[in-house]
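K.L.:
This is what each chain is made of:
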Amino acid sequence: MTAPSSTTALAFENVWVEYGDAVILERVSLEVQAGAFVSVVGPSGVGKSTLLRLVLGQEAPTRGRILLDGQPLRAEPGPDRGVVFQRYSVFPHMTVLKNVMFGLECSGRRANARAEAEAMLRRVGLGHSLAAYPSALSGGMQQRLAIAQALIARPRILLLDEPFGALDPGVRVDMHELITELWLEHGLTILMVTHDIREAFKLGTRVLAIDKRRHDPHAPHRYGSTTVYDFPLDKPGAVSPDAAADMVSRMAKRAG
Amino acid sequence: MPRLLNLRPSGRHGALLGAIPILLLAILYIGASALRHSANPSDKILPTVAAMADQVRIMGFQVDPLTGKIPLVADTVASLGRLFAGVGLATATALVLGLAIGLLPIVRAGLGPLVATLAVIPPIAVLPILFIVFGLGETSKIVLIFVGLAPFMVRDLAAHVAAIPEEQLIKAQTLGASTWAVALRVALPQALPRLIESLRFSIGPAWVFLISAEAIASDVGLGYRIFLVRRYLAMDVILPYVAWISLLAVAMDFALSSTSRGLFPWSHGKRSR
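The listed protein sequences correspond, in order, to chains Y and R.
Going letter by letter, the first sequence gives residues 1406 to 1661 in the working numbering.
Going letter by letter, the second sequence gives residues 2 to 274 in the working numbering.
Do not take every clue at face value.
Every beta carbon over 12 Å from chain Y, so not counted as near; a handful from chain R, in silico [claimed, not checked]:
(1) G12
(2) F132
(3) L176
For lysine to any residue, the following SDA-like pairs were computed, each having C-alpha atoms within a straight-line distance of at most 25 Å [stated by the list, open to error]:
(4) Y:K1503 x Y:R1527
(5) Y:K1503 x R:M253
(6) Y:K1503 x R:K45
(7) R:K45 x R:P241
(8) Y:K1503 x R:L36
(9) Y:K1503 x R:P190
(10) Y:K1503 x R:A184
(11) Y:K1503 x R:L26
(12) Y:K1503 x R:P241
(13) Y:K1503 x R:L248
(14) Y:K1503 x R:L234
(15) Y:K1503 x R:H161
(16) Y:K1503 x R:A164
(17) Y:K1503 x R:V57
(18) Y:K1503 x R:G113
(19) Y:K1503 x R:Q169
Read the hints as simulated data drawn from the structure, not as lab findings.
Backbone N, C-alpha and C define an ideal beta-carbon position, used for all residues, glycine too.
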């Protein structure tokens, strides 16, 4: 296991997101260390996706700042942040190989693009499907492709948005192994949003739960969500079973 | 006995089932034609197959001494020229505008309402304007086809491009793609099969506009010819011409659909190659 590095990759400084009257996120302040695998959990509709959209640059905070490597984040998606979505992550009109070469071509790394892309695809287990189109791949293979595609661009931080949510349980376990191996091999910093708490604890070095701290029954949109639990784990799976069980029951209560 | 909705014809039986109504219709026509000719040997409404074959020989294989050309060939060349020019212009416009409107919110806000308004104008209603502005020559016929097709095709393509999942556009940007790269390498390739599909649906209306324009003001063309010989009740010319127009339309449809399958295998079914 890699020792957690002390440099901060991603920082939220008192971030708020408001849509008119409705407060989605409030007072979110957190630092993600380089090399961390942070899982974000929370009930549906609580702002997990908004958090990810902020980091992606799909939207900008109403107040506060987000820093990537100490620099204010550009409010536009860019090659410093990679992403794997639950669905629609890959280009249906490109073969598996072209899907991965696309990132190399866009960033001008054309020399050896083919060899580099092939090596990455072999690594994720798609070495035999280079000429196939994504529609011919299973859900798990499509996500392997999406991961290879994101990694080839060497992002500073990799964002995973429910990446394994649509997969069969057996396939999901394989994908957990793959992403953990890649995280270690490439020294990645990962921010993963998931609704599966077991997955969050199994993969993450740190689990963030976000939810509303305050709630006004007469104006449910008046208060936004923020981090309510922050579990630093020594290494993946190192949380004590008691703590995990406690966490799961609290979250289940809130979600119910 | 299974339910009616579960009865499926096998391949050979299916083809046979499809042939039955066509054969019935042909037999019905030949019977009715024979009946009318037994009552009146010079009947013009339901010409015999032999009479039509005669006209095909005259119109399609003999040089008209007046013009020095074979009528069917001259008409086909003139009509297809107008059709391809109008359809080509509409397709090119749809590709450029449809991509821009579908992909760029600024262009969508600027041009969307205009295109939506233009699309509801019945094209034939503006034909007099086209004749006044462009005269009775080739231009007004080509412009009518263009005006009839372009707004629909632009809207259709724009809607298709706008429906490309946002995840793909975000993903492309996280891979370092510029707006231009997203347009050319993500949106355009996914728009092309749809453009061909929309072109296939537009061929029918394009013929309607072409024949309308030719019927009103022309001196050569398939539409001109059938409306000309109508004055002499020459059904023996009209019916083969209609069959020929249908054959051309079917050939275009087939060419477009096989082009699309050849060029964009990923958009047709689940096969990989």
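K.L.:
Under the constraints set out in the numbered hints, which ones does this structure not fulfil?
P.N.:
3, 5, 6, 8, 11, 12, 13, 14, 17 and 18
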